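Participant: Listed below, chain by chain, are the residues.
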Amino acid sequence: MTRWTPDPTFYPSPRDALAAPAEQLAYVAAFDRSATRPDAIVVLDTDPASGAYGKVVGWTDLPHTGDELHHFGWNACSSALCPTAPHPHVERRYLIVPGLRSSRLYVLDTKDDPRSPKLVKEIPAEELAGKAGYSRPHTVHCGPDGIYVSALGGASAEGPGGIAVLDHTTFDVRGAWEHDRGDQFFAYDFWWHLTRDVLVSSEWGTPSMIENGIDPELLVGRRYGHRLHFWDLAKRTLVQTVDLGDQYQMPLELRPAHDPRREYGFVCVVTSVEDLSASVWVWHRENGQFAVTKVIDIPAEPAAAADLPPALQPFGAVPPLITDIDLSVDDRFLYVSCWGTGELKQFDVSDPFHPRETGSIRLGGVTGRVAHPASPTERLAGGPQMVEISRDGSRVYVTNSLYGSWDDQFYPDGVGAWMAKIDVDAGAGGMTLDERFFPHGDDFRGLRVHQTRLQGGDASSDSYCFP
Amino acid sequence: MTGGQLAALAALGAFHGLNPAMGWLFAVARGMQERSRTVLLASLPPIAAGHLASVAIVAAVVSATESAVAGNTVAIAGGVVLVGFGLWRLLSARHFRWAGMRLSQPQLAGWSFLMSSAHGAGLMLLPVLATTRSGTGPHMAHAVAAAPSGALTGLLAAGAHTVAMFAVMGACAVIVYEFVGLSVLRRAWFNVDRLWAAVLVAAGALTIALTA
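Protein chains in written order, with our numbering: chain R, 1 to 467; chain V, 1 to 212.
The following label-pair restraints were derived from C-beta to C-beta distances:
id : chain 1 : residue 1 : chain 2 : residue 2 : range
1  : R       : A291      : V       : Q107      : 21 to 29 Å
2  : V       : Q107      : R       : V242      : 23 to 31 Å
3  : V       : A77       : R       : E158      : 56 to 64 Å
Because the hints were derived from the structure by calculation, they are not lab data. Every value quoted in this text rests on a predicted model; they were computed, and no experiment measured them. Beta carbons: idealized from backbone N, C-alpha and C, even for Gly.
Okay, chain R solo, but in the shape it has when bound (with noise of 0.2 Å):
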């Protein structure tokens, strides 16, 4: 499907995004953790005007059960404008939607009726497995060539995971994007700096390893992932490879500058084994290597064992949980996720390497169990976990399940299901809860929430060639 003059919510650059219109509709992948029932996308509506504001107005079931929908992604994005291989015309209208226990991939159609996405592809497990040689997919980016899907498995062996590549018409799986991936075995998240070709990649464990939940024996013995990988990705080879410290277990989430100019990121690590706490580092390059700094630490809050989950009583405290993080398009504020905790922290970054505090939130956490004020009784499991922030800065969108066996195990009276949206200053920061937004418990209809996208896209999903 082509248009005659490029669609209109791809944008040469940053700076011109920031001047997006608001989002109308938000899509949220939900999923059902006893896996008896379908996982769904769910429709919400972000319109502040609307009578239905802050109300599930869409809901797609899909055709199976036992998916685990997780992280998810638009087909087409701003890098369409890059300059090498430009495809303007294609249009931003479809959600790549993986399971990441199943193996699956779905392609939901947007355009006819946005709040009712509608099915039109199914990848099999063995169509992923068979031509790139990967299970369980993750994370989805439009790239300038093809659509990216990282994988956190091999096709029947545990590993390596890596990234496969599909068409961007067609959505066949086109293969295994690495030529060569080096010692690189674990996979997790990736992004990167298009004009500068490269691609940084993370690492979490094999299926094995999370599937069943958070194991304390590989975690004490500092074996989840602890590096980065910095690769070239027009020769789609790894260059370099920095490791953070076996202690430094997990690291996540990848935000690389907006701005192509700059060439630094931001990376979330879930836990330090030596003392629970969660940090953010920066990586940038020097001497025309990568070099990876810390640049946010975030210490373990002491609580009563009563208070916590077995899992947690040995330690006799709550860790953050750093599971997510968010840049703003502007590359001004990076907004923080700590799960354990139950904290949504806003850091100014316009120096990426002094991070200054700007704002704090809590909801849920393990021990705080705080409120929202639009329901100020409602004990709250969960935490903000996924972000999500608008193209123009003004507003983040959280919801709080961070994957099913490990929701479990930190909140084991149940984790429940909320979204909540907040209210930001784009000018100074600071943050205030959007009272009048408040989905949760039975508006998800017994489903867990996990990462929303926004309609015309968000700060995680576009990438951009020009300054």
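Based on these hints, arrange chain V on the given structure of chain R.
Facilitator: Structure of chain V alone, referenced to chain R:
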């Protein structure tokens, strides 16, 4: 070559130069990335050289073959190829693949050569080439001897075409870089690919009509 033919070649060159995918957008991106108009300007010659190479190969082969082969065989065969290629571009959903953005000057020329070839830039000149006669025309006895001068005519045509392409591409790049800004792309980036394919089909049909 007549003045009219040169004008047609130049007009096609201008059309190619106008297409953001043919090079000026890449030149602007390189300039912006380094905050340097010099980088932008230095990117233009390799892009033009790649385009010239792509077009010249087609032009030389067509002109030389035509000088050597009697009658309108080349024109008609070429026209059929052109219509077919144009229809394929129009209907297929293929996607040109090239990942790298940090290219050296020779790599940039290579990129431009591949981009122009994949788009069939040289083929678009067929109606002009097929109706151009070099020297006294192909008499049977002189056919083989006429081929080199035919090729020369083709190269001349490619050169004239590329000069126009270079001028328009350079103008677009500088105007967008210095004055207009890239946000103009969001409104003004007309789907040249569809138009391009349609022009290919029309050029093929025209060639057959003019020479049959």
